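In order, the protein sequences belong to chains A and B. For the first sequence, position 211 (counting from the first letter as 1) is numbered 211 according to the numbering used here, and the numbering increases by one without interruption. For the second sequence, position 128 (counting from the first letter as 1) is numbered 128 according to the numbering used here, and the numbering increases by one without interruption.
For the record, the hints were derived by calculation from the structure and aren't laboratory data. Given the structure is predicted, the values throughout are model-derived calculations rather than measurements. There could be a bad hint or two in this list.
Negatives, chain A to chain B, calculated, CB over 10 Å [stated by the list, open to error]:
hint	residue
1	LYS35
2	PRO65
3	GLN72
4	MET153
Quick look at which bits of chain A chain B covers, simulated, 3 or more residues with Cβ under 8 Å [to be verified]:
hint	stretch
5	189-199
6	237-250
In this text, a Cβ means the ideal position worked out from N, Cα and C, and glycines have one as well.
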Amino acid sequence: MAEREIILEVKDLQTSFFTDDGVIPSVDHVDFHVKEGEILGIVGESGCGKSVTSLSIMGLVPSPPGKITSGQILFKGKDLTKFSEKEMRKVRGNDVAMIFQEPMTSLNPLFTIGNQLVEAITLHKKDWNKKQVKARAVEMLRLVGLPRAEELMKDYPHQLSGGMRQRVMIAMALVCDPKVLIADEPTTALDVTIQAQILKLMRELNERLKTAVIMITHDLGVVAETCERVVVMYAGKVVEEGTVDAIFRNPQHPYTKGLIASVPDMRHKKQRLYSIPGNVPKPGTIKNGCRFAARCESVFGRCTEENPPLYETSANHKTRCFLYDQKEVEVHDKTAATS
Amino acid sequence: MTKPLLQVEGLKKYFPIRSGVLAKQSGYVKAVDNVSFHVNEGETLGIVGESGCGKSTTGRMLMRLLEPTEGKVTFDGKELTSISSTEMRKARREIQMVFQDPYASLNPRHTVEKILMEPLIVHNIGNAKSRKKKVHEFLEIVGLSSYHAKRYPHQFSGGQRQRIGIARALMTNPKLIIADEPVSALDVSIQAQVLNLMQDLQKELKLTYIFIAHDLGVVRHISDRVGVMYLGRMAELATSESLYEEPLHPYTKALLSAVPVPDPEHKREQIILEGDIPSPSNPPSGCTFHTRCPFRMEACTSIVPKLEEVKPGHFVACHLYNEQVQH
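Excised from the complex, chain B in its bound form (with noise of 0.2 Å):
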């Protein structure tokens, strides 16, 4: 077994609701809500999750762009939610982010030289020279030409403006890539080729990848492992063959089942979840899927069902699975 890369424990995220003249505290949104899971070295975890359900949320508390209201971050040994902010800064060397949004997340007034070089300095590696050599050696490995250094963003195409994303988050040779929705503002045919980058770039530098996306076939194909995330809650939790083989949370059973497949002779059952995701500024009691389960039980909408091995390595937040509550 490899060691685990990341453990993270009981990670909240509330964010107040401020209403009145006095801005006076009226409740809370629960964006992410006791999620706990680790990530092993060298392996990639998909996290899954329709709009909302607090998936990038999730992603940011983990470098601290965003501070958790609770619960521990473990990195390589290391408690990243108990350091100060300059110590955080140093840390974040060895985690990097993968943004969704290729056209945002670069300055439009940098070269990518200086988008690229950037990094490097933050982080005081290297001298002027060898900070240039390493800009082109990183463009040649996302498969661009140093020539390109010298341009800027808007020169670029979608895909290539994502491979710059990528190689800036490679240039202080990180352990941890955080990748958040990096491929759905990409066309089919170029997100195929951004996803073939990401998994040759995975063996040549071993790297560990959390993958946040909503396209579920895409995170089947990239994750060895796979959390599916609903209303800040993880549902499940699972291999990826034995996610998509054998889902057991009713919420997954759905997901899966509504995405449409390239195939018109495919037939299934297709399982239409009624309603839409309550708001998290109100989630449902219990369970916060009971109120679109098809198997609601009484204790869904009481008891908050624990994420539980039900498997080896397979975990579960259902009630349908806790022999104590059903009987």
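Here chain A stands alone, though its shape is the one from the complex (with noise of 0.2 Å):
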């Protein structure tokens, strides 16, 4: 496959919100990239900052207390940190979109399906006509795999079921070609059955459509399903980066390994589920140190005290954790070769 363009970078975000109780740093120096057409995957548990890296790219940060700090998020080149609020509205929709984990609530229940689309086109497209536009839209909810699209044009959100709600979502996230997708929990309100369909649409849709996608979720197996590149979060910081295949085959983040072997497999039942002991740490009270140091069982002198960097330990796929710093390395083997 021919290497396929950088569309989207996170270089060294910082978003922070300023509360009462200090300045909490959720999302704390991240990088991460999403290439043209490609799915990429951004898991972690609940206040990791996932949610707020998305945010942070469509500028819909609550502000305050939330603010950007520091880092640039490119887009084709563009820092979009330095939009303004009139530039963002252009990037939003037309070249980033966004669908939420909430179809019930992303939709606005007094109007028909057909208004909100209308207006999401209308918003972008301003010298279309009327029929065009309805065209458009009619469009839309056939790609995304509704059936009597032209009907549905007329309902209200609370006479569809929450898959075709989150279908809808979709369609409308698509209306202007976006080139990046980001879809945050899109499947998480959703019975399993229509968590099956609406993935496969969005690979679908991404095959057919090149629409980059980030996936951003807490369910692993989502992301063994759907994604090409992973990002492992926790509390803030990416820990693991690296292909689907890499991160599953051979997580190497503790945190990582923890995680895929607390997940009770399906397949085979197993006597007992491996738990990461502890719990989340909350934001902003570790400063010093490795953020998985408390819970971490290989921990060792210096994860307390020194904040590991990302160490690229093979082409496609980085680790934060000095396990796999060179000089650890060496050490190690020394001592295993002594005993």
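Fit chain to chain and form the complex, with the hints in mind.
Shown next, in the form of structure tokens:
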């Protein structure tokens, strides 16, 4: 496959919330990129900063109290953090679009589906006439696999099921052919059989329209099934990054290892689940050292004192853990050889 | 063979739909429609299904938190469905429940000690001193510390709150615990901790569980036998081994194949069901699954399939396995 160009790059992003308890960096110096037409997964548990990252890209961080305090978000080389609200409005929908977890709350209950789709289209395509706009709306509903699209235009959100609403949201996000689609837990509120339908639809759309997708989720199963590359986040930091194969076949960071081991596998029964001891630290409580040190099984002296950088362990794999520091690897090899 | 601790026969719950100015009854939502099963002593029965399948309603009816429309629930030789509410309250000492949302099921104005002592006071167990001792003992058992007793629910994390919920259920030394989605509000790493705790407690205290959940992986992990519900009816009931390895009902097959597996190499034939779950207020005739079933036959639209044993211990409600209907 030809090397695809990077379409969106997040560089050293820090988004902080200014609260009464002090400044809390929810996203702390995060780097990652998305290539054209790629599906990138961002996984992590609640409070790891995955949603704040996506809101930062869209320029939707509630402000105050939130603010992007450092870093760049480069879309086709342009820094979105420098954009004014007016400029951002052009980016949203046209270049980068987003769908949310709750399809129930993201649609306005007082307007018909058609109304809301038409509004989204006219906002961006000011020179289109009514007929063109309506045709486009119906075309989008068909694209996401909704039956009887014409009639559906006159329906209100409450008349649709959860899965259909999420399809409408996807249709709305794609009206202007965005280059990047951010999906924040798109299937979490749905039942498994409906989830399978939506994930299949997203894979098909990604193939057909070549829209890059950032899939934000807590479900490792969803990641394994849809994504090409994965970014694992923990307490505001990227702890591991790599291709899906690399992450699942050879997880390196102790957190990723623990996370994968603690999912009950449907295919065979384990006697006992692995569980990571302790809880996710409160944001902002750990100033020095690795954020995972307190729960880590392989913790050693350096972990609580220094911030580990992202080590590149192979061409497609990076890990934020001192165990993969060349110096430590050598020490380990030596002790292993002498003992 | 161990004897059944709980026997459920023909359980039904119809919620009336009222409409119009005079609130005239215009129909029913058949939330649970003729469900029968039993739970043996010391085992875990998992009940899975998608939203609206009636799994939670079933759980609540066993406790009589909802009055069943019809059916019989026998617990430990005693029929629960016919006794008075005063007697039922006494019987609940033996059956306790753990709820889904650890944020909503604990009173935010009470300390943990008060929350845990409440069941002892209700059931008139022990005196003030022994109750306090028991609270501290059970806090330790669920992996918290006795100094947590003076704290309020908001001072705990989600996983810790669920531990408190479990401790509360254990205070009266029940035989049966009905856990309704106990881990679905928790993160994966915390979920594993709570599941392990529940397994340890089962061994230690010889508990029987009914584990209601929508996560098929979690249910397989914890259950000895599993029942799959669809639109108020039991579609399939078998040992978890045989249900997950050789599912018989087309719905179970589709459900199992739809679950995303955290392994990129895992390839399988995914059966993607068309359409949505029909509304339980107007369920399809015959087999309720026939509208989405890839193996639909003529009989399916008119005849309700009975839950029948097709292999030892493996029950399924589907005409595909009923020769009389097929020929």
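Now for the hints, and whether the structure bears them out:
1. LYS35: A:LYS35 is indeed farther than 10 Å from all Cβ atoms of chain B, at 18 Å.
2. PRO65: Per Cβ check, A:PRO65 is outside 10 Å of chain B; nearest 21 Å; holds.
3. GLN72: 30 Å, holds
4. MET153: 19 Å, holds
5. 189-199: As far as the stretch 189-199 of chain A goes, the hint holds, because 8 residues have Cβ atoms under 8 Å from chain B.
6. 237-250: holds (count 4)
No hint from the list above goes unmet by this structure.
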